[in-house]
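S.K.: Each chain is listed here by its residues.
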Amino acid sequence: MTSPGRSQEPHRLEPEEFFEEVHSFEFWFQAVTGYLTGRPYGHRPETAAPAADPRERERLLTVLSSYCVGETAALEGASGLVAIAPNRQAKIFLSTQAVDEGRHLEVLLHRMRELGCARPEEEVERRASQTLFTFKRRLLDLVASRDWEAAIFAQNVILEAMEFVVFQTHARQADPVTREVLEGIVRDERRHIGFGENELGRRLREAPHARARLAQVRRELDPLVLASFEETLAEVGTPRAERPELGRNYLAAVARLGFT
Amino acid sequence: MADFLGAYSIQSWLESAPQGYLVGTEYGHAPGEREPEFVLENPVLRAAAIRTTVQLVVGERCALAASSGLINCAPDEASKRFLATQTIDEARHVEIFTQRLFDLGVRKSELEDLLKSQANPHLVRFAQVLLDKVERKDFVAGVVGQNVILEGMAFHVFELMHAGNQSLNPKFAHTLSGTIADERRHVGFGENRIGSLIREHPDKKPEVQRMQRDMSGHMLATFAASFRDGLAEREEVERVQRAAAARGVAEKPATWQGADLQALEPAELEKLLGETVLREFKVRLGRIGLEYQTPPGP
Chain A
461 MTSPGRSQEP
471 HRLEPEEFFE
481 EVHSFEFWFQ
491 AVTGYLTGRP
501 YGHRPETAAP
511 AADPRERERL
521 LTVLSSYCVG
531 ETAALEGASG
541 LVAIAPNRQA
551 KIFLSTQAVD
561 EGRHLEVLLH
571 RMRELGCARP
581 EEEVERRASQ
591 TLFTFKRRLL
601 DLVASRDWEA
611 AIFAQNVILE
621 AMEFVVFQTH
631 ARQADPVTRE
641 VLEGIVRDER
651 RHIGFGENEL
661 GRRLREAPHA
671 RARLAQVRRE
681 LDPLVLASFE
691 ETLAEVGTPR
701 AERPELGRNY
711 LAAVARLGFT
Chain R
60 MADFLGAYSI
70 QSWLESAPQG
80 YLVGTEYGHA
90 PGEREPEFVL
100 ENPVLRAAAI
110 RTTVQLVVGE
120 RCALAASSGL
130 INCAPDEASK
140 RFLATQTIDE
150 ARHVEIFTQR
160 LFDLGVRKSE
170 LEDLLKSQAN
180 PHLVRFAQVL
190 LDKVERKDFV
200 AGVVGQNVIL
210 EGMAFHVFEL
220 MHAGNQSLNP
230 KFAHTLSGTI
240 ADERRHVGFG
250 ENRIGSLIRE
260 HPDKKPEVQR
270 MQRDMSGHML
280 ATFAASFRDG
290 LAEREEVERV
300 QRAAAARGVA
310 EKPATWQGAD
320 LQALEPAELE
330 KLLGETVLRE
340 FKVRLGRIGL
350 EYQTPPGP
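So the sequence lines, in the order shown, correspond to chains A and R.
If you count the first sequence from 1, position 101 lands on 561 in this note's numbering, and the numbers rise without skipping.
If you count the second sequence from 1, position 196 lands on 255 in this note's numbering, and the numbers rise without skipping.
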């Protein structure tokens, strides 16, 4: 697709036009086209990973299983949010997010197959972090309750910030194929976090009392996030001394978005 | 099932749509293409184009709500991922048809009021029947309603509009051609995925068939109202065609389903469209083990 002329520099647009532009399918396509072209299932065909030793392979499969639960939560959350989004632009953005999350799930399942796992869906059920299943249930409850601010906060701030921090950390120490897959996902997460920050920032300016409700959601979800970090980092093999840093990075990421 | 669903993966979608037939397009058409002057400058034709496009936006908003709502009640992950691609397809359709309204001179601030005032009430009821099923998380009925009935209808309506606009309005015809390619994929999924689910849940048949009957009734009423509303437009189009012919500008004949569209009266066109869609419904419903139910007459 080609970019409409006005898309060349969206930050020069008036606020209303900027909002319309960055939530559009056209903008989504411009954003993903560079890093998805020539990367079927999230990595370049020529990228190769050295054969992992059996214990490392098992650990990686377990971690990828947990990631799949996070991405399934994100897919179901984003698609559920389309129904309660307050305007056309947000509905269209969330549709692009739903396909991003579906792609993440697909590339992670595909990576598990590349690692020799014949039935990755069954492995996900068997291996994934129970803490993440709890997180998923809670997120989908918020979406089902049609509480737009709380659900967007849980989905596009908490869950996306959690995935952003974990995937970025894991990518640094992953094999080349897994690294490319994770880096592609992280680029999408940036866009999703941007939407959450923008949407909630505007809403909280109009309704500051909602901040207390979001703080309550955060108090409930943070322990699940931090516990899932601990489980994931142990599997990835991150030394115990380095693990608290990830939690701090997550808390800092959420704080940077203005949610302390 | 896994093999068939492999063909509906996000990777396949990326390669066929964004990296395939949408490459080099802008809001579904070639960059720089505009609505023709004879539409923009003629109040009757402009109003008709707006009224028609409103129905497309209403239909696509329904499809977006239905496909995104079905993700959470899909029984397997591969279906969820396919429905994610359908969700973004429908969002794209909402976007490109909404953009057409803006191209036709509708102000952004007028959009929602325009949709409310000009949406065909039968089409709104058609959408409600489907969205009730989605709201109740009824996956089988939802997919039949969305991917067989709604998409089957949209496919033929888009094809008819495409045939009628190829020569008169290439921009709109190009916009439609991408949506036709999308709808073909969606219809294929519905037919392939639901057959096995209907076999597993034969008790669902009567309810799903009732939904099909109700949706078909509202669809036919929508067609009747649209063709009735289009009489003045028809006269204006014929006037434009005569003027073009007088200038020696030959127009390619528009044919669809073997019929010369310019030679048909609106009532004949309505009959052709209705019969074509219903014939297709019967075939597709039969393939998934359902029997077509005739809606009550008007």
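Everything labelled a hint here was simulated from the structure, so no lab data went into it.
Remember, predicted model here, so these are calculated numbers, not experimental data.
The beta-carbon is built from N, C-alpha and C at its ideal position, and this holds for glycine as well.
Heads up, a few of these hints could be off.
[Unchecked claim] Covered stretches of chain R, as calculated for chain A (at least 3 residues, CB under 8 Å):
id: 1; region: 123-131
id: 2; region: 145-152
[To be verified] Derived, one-sided and incomplete: chain R residues facing chain A with beta-carbon distance under 8 Å:
id: 3; residue: 75
id: 4; residue: 77
id: 5; residue: 80
id: 6; residue: 157
id: 7; residue: 165
id: 8; residue: 169
id: 9; residue: 181
id: 10; residue: 183
id: 11; residue: 184
id: 12; residue: 187
id: 13; residue: 330
S.K.: Each hint: holds or not?
M.R.: To see whether the hints hold, each was checked on the structure:
Counting residues of the region 123-131 of chain R whose CB lies closer than 8 Å to any CB of chain A gives 6, which reaches the minimum of 3, so the coverage claim holds. Counting residues of the region 145-152 of chain R whose beta-carbon sits less than 8 Å from any beta-carbon of chain A gives 5, enough to reach three: the coverage restraint holds. Because the smallest distance between the Cβ of residue 75 of chain R and any Cβ of chain A comes to about 13 Å, over 8 Å, the interface hint for this residue is violated. With a least beta-carbon distance of about 6 Å to chain A, the hint placing residue 77 of chain R at the interface is held under the 8 Å criterion.
Checking residue 80 of chain R against chain A by beta carbon gives a least distance of about 10 Å; that is not within 8 Å, so the hint is violated. Taken as an interface hint, residue 157 of chain R checks out: its beta carbon lies about 7 Å from the nearest beta carbon of chain A, inside 8 Å. Violation of the interface hint for residue 165 of chain R is found here, the shortest Cβ-Cβ separation to chain A being roughly 13 Å, above the 8 Å cut-off. Nearest Cβ of chain A to the Cβ of residue 169 of chain R: about 13 Å, over the 8 Å cut. The hint is violated.
Look at residue 181 of chain R: its Cβ only gets to about 23 Å from chain A, farther than 8 Å, so that hint breaks. Because the beta carbon of residue 183 of chain R sits about 17 Å from the nearest beta carbon in chain A, more than 8 Å, this interface hint is broken. The interface hint given for residue 184 of chain R is broken, as the beta carbon of that residue sits about 19 Å from the closest beta carbon of chain A, more than 8 Å. A hinted interface residue such as residue 187 of chain R counts as satisfied when its beta carbon comes closer than 8 Å to some beta carbon of chain A; here the least separation is about 14 Å, so the hint is violated.
Violation of the interface hint for residue 330 of chain R is found here, the shortest Cβ-Cβ separation to chain A being roughly 35 Å, above the 8 Å cut-off.
Of the hints listed earlier, those the structure fails to meet are numbers 3, 5, 7, 8, 9, 10, 11, 12 and 13, in rising order.
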